[in-house]
Amino acid sequence: MNTFKDYAQIYLDESRCEHAYSSYISNRAKVNRLIKKFGKREISSIKHSEIKVWRGKIHKKLNNKTINDHLSILRTIFKIAVNDGVIAINPMQDIKTLEIHILEPCPFAKDELIALQKTDTEYVTEKNLLFLAVVTGLRICEILALTWNCVDFDKAEIQINKSVVLGKYKLPKTKKSIRKVDLNTHAIEILKNQFEITGHLKKRVIRVLQKDNKSKVKESVQHVFISSRSKKPFRDVKEFTIKFFKGFLLKAEVKKRGANQLRHTFASHALTEGLNMEWIRKQMGHTSIKMIEKHYGTWMNADAPDYSNQLGEALCDVFEKKATLCSVAKPGSKIVVSSWGGISDRKSSAGNFGVCTAGKWEIKRCA
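Residues 244 to 610 in the working numbering are what the sequence shown spells out, letter by letter.
For the record, the hints were derived by calculation from the structure and aren't laboratory data.
Owing to the predicted nature of the structure, the values given are computational and were not obtained by experimental measurement.
All residues carry an ideal CB built from backbone N, CA and C; glycine is no exception.
Don't take every hint at face value.
[As the list claims (entries may be wrong)] Okay, derived cross-link-like pairs now, SDA-like style, lysine to any residue, Cα gap no bigger than 25 Å in a straight line:
#1 Lys361 - Ile532
#2 Lys418 - Ile532
#3 Lys419 - Met520
[Said to hold, decoys possible] Restraint ranges, calculated between C-beta atoms of paired labels, are given here:
#4 Lys398 - Lys537: 26 to 36 Å
#5 Asp327 - Ser265: 44 to 54 Å
#6 Cys559 - Thr362: 15 to 25 Å
Construct the complete structure from the given sequences, taking the supplied hints into account.
Listed below in structure tokens is the structure:
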């Protein structure tokens, strides 16, 4: 038989091969909803007008993005039937996607970060995780998968080479997401504190799904962050949010928002400090600066090669530390210094700049 359910199953089998596990699970839930509506019918009997009527009925129940996802799946299912010669015309033809309202980022302001920093909690690991996201711009799924063999204190950097979703480890979705991330003073201190908690724990074996969505590479690792409750690695962002993040914001009396806003917070504060958008892109693992431009506006010109420590200096008051030029930096790094001695992202009238040599800053005057 050539029922809608038959072709929906073909689509699902293809999705399992081509998409990440989390994407497949999401697609399967949508396909099941479509099968409830059209499943037993011959696929050739489903009309264009019926789909339009169905879309109208679900319009009040689902948001536009979710509806569009269903429409996209329908297009593919009917296209398979067209290619098989079972139907002549795809009934999805001329059915347009709906406009999507994109929510603006809601980053944490400095006073909110200070409130979070001052809020005590027994969940030290989770609080460390939260602030590492703020000062590095990492995705939460990347931090949850971070292991100690990927942390290099000497070079002040970490290697991002995996993420975890629904308890499944996989390679990052783009080549740019596999990257080295600079660590500023605060990030290093957070990680050193965390090392005292998890740096000496027994290794665990994980299997990391490769790009072919089939092969898995076995790794014996020590997770940087594990749940303070279960003493096991977090399965995903949802678990971190439910078991810690949501309640911690409430305790700190900080406006409720998703954990992904920690990453937006990094980008917003970095741009406010005038950091180079290309450096921000590399830190965050975007393929281009278009995503940053789309969400955060135009680039504020900067002339400060050691951007990681500039951001670290900017957030010193969050961590109740005095801003200093003697922060962790790579040899030869430069930070422009204003005539009054503070760090600036632009040349001052005095034209001074700092050069890092053997971990110390020497103030020199521009020629």
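For each hint, the structure was consulted:
1. Restraint check: the Cα-Cα separation between Lys361 and Ile532 comes to about 34 Å, which exceeds 25 Å; the hinted pair is violated.
2. Under the criterion of a C-alpha separation no larger than 25 Å, the hint pairing Lys418 with Ile532 is consistent with the structure, at around 15 Å.
3. Annotation: proposed proximity of Lys419 to Met520 holds, straight-line Cα distance about 15 Å (limit 25 Å).
4. Judged by the Cβ atoms, the range 26 to 36 Å given for Lys398 and Lys537 holds: they are separated by roughly 32 Å.
5. At about 29 Å, the CB distance of Asp327 to Ser265 disagrees with the hint of 44 to 54 Å.
6. Roughly 19 Å separates the CB atoms of Cys559 and Thr362, a value that falls within the hinted 15 to 25 Å.
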